[in-house]
Each structure stands twice: as structure tokens, then as C-alpha cells.
Amino acid sequence: MKNEWPLWEVFIRGQHGMSHRHVGSLHAPDADMAIKNARDVYTRRNEGVSIWVVEARHIAATAPGDKGPLFEPSESKVYRHPTFFDIPDEVGHM
Amino acid sequence: MYAQMIKTAHSGVHKREDMTPEERAFQDKIDNDIKIEPRDWMPDDYRATLIRQIGQHAHSEVVGQLPEGNWITRAPTLERKAILLAKVQDEAGHGLYLYSAAETLGESRDELVRLLHEGRMKYSSIFNYPTLNWADIGAVGWLVDGAAIVNQVALQRTSYGPYSRAMIRICKEESFHARQGYHAIMKMAFGTPEQKKQAQDAVNRLWFPAIMMFGPSDADSTHSEQSMAWKIKVKSNDELRQQFVDQTVPQIEYLGLDLPDPGIKWNEERGHYDFSDPDWSEFFDVIKGNGPCNVDRMKDRVTAWEDGAWVRDGLLAHAEKKAARKVAAE
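Protein chains in written order, with this note's numbering: chain B, 184 to 277; chain S, 10 to 339.
Derived by calculation from the structure, the hints in this document are not laboratory data. From the three backbone atoms N, C-alpha and C, an ideal C-beta is built for every residue, glycine too. Worth double-checking, as some hints may not be accurate.
In silico lysine-lysine, BS3-like type, Cα no more than 25 Å apart, as pairs [as the list claims (entries may be wrong)]:
hint, chain 1, residue 1, chain 2, residue 2
1, S, K274, S, K206
2, S, K335, B, K185
3, S, K38, S, K244
4, S, K181, S, K90
5, B, K260, S, K181
6, S, K297, S, K308
7, S, K244, S, K274
8, S, K244, S, K181
9, B, K219, B, K185
10, B, K260, S, K90
11, B, K260, S, K196
12, S, K205, S, K274
Which bits of chain S does chain B cover? Going by a derived footprint, with three or more residues having C-beta under 8 Å, they are [stated by the list, open to error]:
hint, region
13, 174-186
14, 258-265
Extracted from the complex, chain B is given alone in its bound form (with noise of 0.2 Å):
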């Protein structure tokens, strides 16, 4: 157990100007390698621009527990969207 290489997400920019998304995770010793490996698995064609690569271990997560807690405020807050406020074709887009 003690010599596993440690897990690492990887994030890839898919064209310039969008934000990196997650793609995967892989196994690699250090962070250089991590990159290494993630351009190898996840940009064999052409998916990316730019990789990030984070260990595993530092990412903090909800608990899929707490999703209805979490999540299911904003159901009732339909306000938060335009179109809960009838505005009149009159006056243009708005």
C-alpha cells in the first residue's frame, strides 16, 4: 500500500477561452509526471489547450448526502431567473 502512486484529477482547457473542465483522474508520483501522463490519456486527439492537475487528496467534496440541504433552496427562489418577470415584447429584449 505504502508505495501507490498518489491519484490526481486532471482538468483540461478544451479550445482557448473556456474554462478548464474535469476529464479524469490517474495515478503518477509527482506532479510533472501527472502531466505527462494526462497529456498522454486525455489529449491524444486534440482535446486540449492546457492541463490541470490536482492530487486527489486536496479536493473537498460535498457529501452526496447533503444534496437535497444543499441544492433544493433555490427551487422556491424562481425569482432568481428573468423569466419570472413578464416584461412586454414592446420594449425590446431585456
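Let chain B serve as the given structure and place chain S on it in line with the hints.
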């Protein structure tokens, strides 16, 4: 606009023949609409100008919460209160997106805040005007956010990737702001004569400050050229202002309100509305710190920062203690 009178770090536009190979390659990317990203090489002046512009934009979002926050406890219905809260909450988020974009350029958020509090950075002139009655809240959402949208839609195409992406996210949320404002002022304009009078008064007072948001006219805007060449600015002040006037005049007319400027007239030849210049001496005076609310706004921001210090320090101390315990346990 939300960023007004941003000085580029030098005068005039760099000529191609004077550029180093690095600068030339950088300019080529910009000319080809390729985004600049944090780790790309960039001229020092590009970085410095962007920090000033994005920082000022961020400060505007945060200070912009104050004139509206003023009315949260006095909104006329629970629904309007929830809507206004949601809008003010959005503004805090917009400030965060923008500070984060500025931080990718190597300036920390705390440093930007310090510069604001020392009076060495600005926020948009518009937030130095008071919100005197409920109609003002409608007019702010409709006119002030409306003007911001005109600028921000253009800035989605700005050359710096993190700024552009922040603008895209912000624009998606701003539509709610403008529409809730117009919706609120529609209720006033079509309400009792007193309500209609309040709506008219709000439009009259906020019209010129709103069109000042785009900054001085192009002829007097000495720092724009290099920013345009770098696509830090995408459209000129006058272009954006015209666009705002053209889209807003029919909206005022629909409300049955009088136009706030007798100079507004459709110009068939230009295909645009003519309008009067705002009083630019007032604009420069407000920028200098002499607007009706400058002192209050800064006082409120500095107080909030100082009163929050014990919370920031306490949470940091707690995090450090937890981290030390974890290390000790390992």
C-alpha cells in the same frame, strides 16, 4: 462604466515597429481573438491596466450593494424584499468573480480592498448617488444594471480569459436584475398618481448619472486607445452610451413617463436617438469624491471591513489550530 477612467500605464498606442518579438506575438494573439491566460506572457502595462480595471469593476459590484441594501428592510412586499435580497446577494457574488479574476494577475484581493479603502482605487461614480424612495430601486435595476449590461455584454469578448469568463457568468445573472427593476417601476408607473410621480422623479434623477457611467466622451477619453488595441476595452464609451440610450428610450415611453432629457429626439439620418450631454463637471466632481454619498459609501465599506476583522482572524486561527492538530496526530 463600472470601470471608468482607467489609466493605461503609459500614453499612446505601442507601434508595431517598436515592439519586441514577445510583444508582437502577444498582439497577434489578441488580433486573432485568442484569449490571454494567467500564465501567458503579457506586457507589464497590460497586466497593470487590467488589475486596475478589473479591481475597479469588482469594487463597484461590492459598493453597489449599499444603495440597494438601504431598501431591503423597507421593501413594500415580502416578495419584493426576497427579490431585492437575491439581487444584492448576486452583486456580492459578482464582486467575488471579479476579484478572483484580478487575483490571477498576481494581485491579492486584500491588497485591492486596501487600495480602495485608502482612496487609491475607485468604484463607479453611479453609486455615489442616493436611493431616496422605492421607485429608485426599480430605476437602479432597470437603468444602472441596464447600463452595466451594455458594457458587460461587450466585455464578454475581452482579451483576458478569466475576465471574459467572469463577464459571461455575470451577464447571465444581470438579466434578472434589469427585469426585476423594470417590473418594479412598471408597477409604479401604472399605479396611483403618487406612485407614477415617484417613478418619474427617479428616472429624472438617475438618467444623467446612468449615462455618465460609460465615462467621458471619446474625444476626452485619453486612455482608451491602447486599451482598445489590447481588447481590454471592446467598444468606445460613446458607442456604448448610444446603444444604452437607443434601447432605453422606448422603455421610458412604454411606461408613459416623460423623457428625462428634452434633448432626446429620434435622428432619422443617424438611425439613433440624439440626446444631451450630461454635466461632465458633475461627473469629474463625483469621481474626485464630492458626490452626494462618497463619504458615506467609503465609511460603510471601511467600517464593514474593520468590524469583520475579528471574524476573519478568528476563523484563520481556528483553521491553523485544526491543521496543527492534524499534523500532531499523524
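Verification of the supplied hints:
For the given pair, K274/S sits about 23 Å from K206/S by alpha-carbon distance, which is consistent with the 25 Å threshold. Our distance criterion of 25 Å between C-alpha atoms is met by K335/S and K185/B, whose separation comes to about 20 Å. Annotation: proposed proximity of K38/S to K244/S holds, straight-line Cα distance about 19 Å (limit 25 Å). Note on K181/S and K90/S: the hinted pairing holds, with a Cα-Cα distance of about 22 Å set against a maximum of 25 Å.
Of the pairs offered as hints, the one joining K260/B and K181/S holds, with about 16 Å between alpha carbons and a cut-off of 25 Å not exceeded. Note on K297/S and K308/S: the hinted pairing holds, with a Cα-Cα distance of about 16 Å set against a maximum of 25 Å. Using a Cα cut-off of 25 Å, the hinted pair K244/S and K274/S holds, with the two alpha carbons roughly 23 Å apart. Distance hint between K244/S and K181/S is fulfilled; the C-alpha atoms sit about 20 Å from each other, no more than 25 Å.
Annotation: proposed proximity of K219/B to K185/B holds, straight-line Cα distance about 23 Å (limit 25 Å). The hinted pair formed by K260/B and K90/S meets the criterion: a straight-line CA distance of about 12 Å does not exceed 25 Å. For the given pair, K260/B sits about 21 Å from K196/S by alpha-carbon distance, which is consistent with the 25 Å threshold. Distance hint between K205/S and K274/S is fulfilled; the C-alpha atoms sit about 23 Å from each other, no more than 25 Å.
Only when three residues or more bring their CB closer than 8 Å to a CB of chain B does the claim for the region 174-186 of chain S stand; here the count is 3, and the claim holds. Using a Cβ-Cβ cut-off of 8 Å, 3 residues of the region 258-265 of chain S lie near chain B, which meets the minimum of three, so the contact claim holds.
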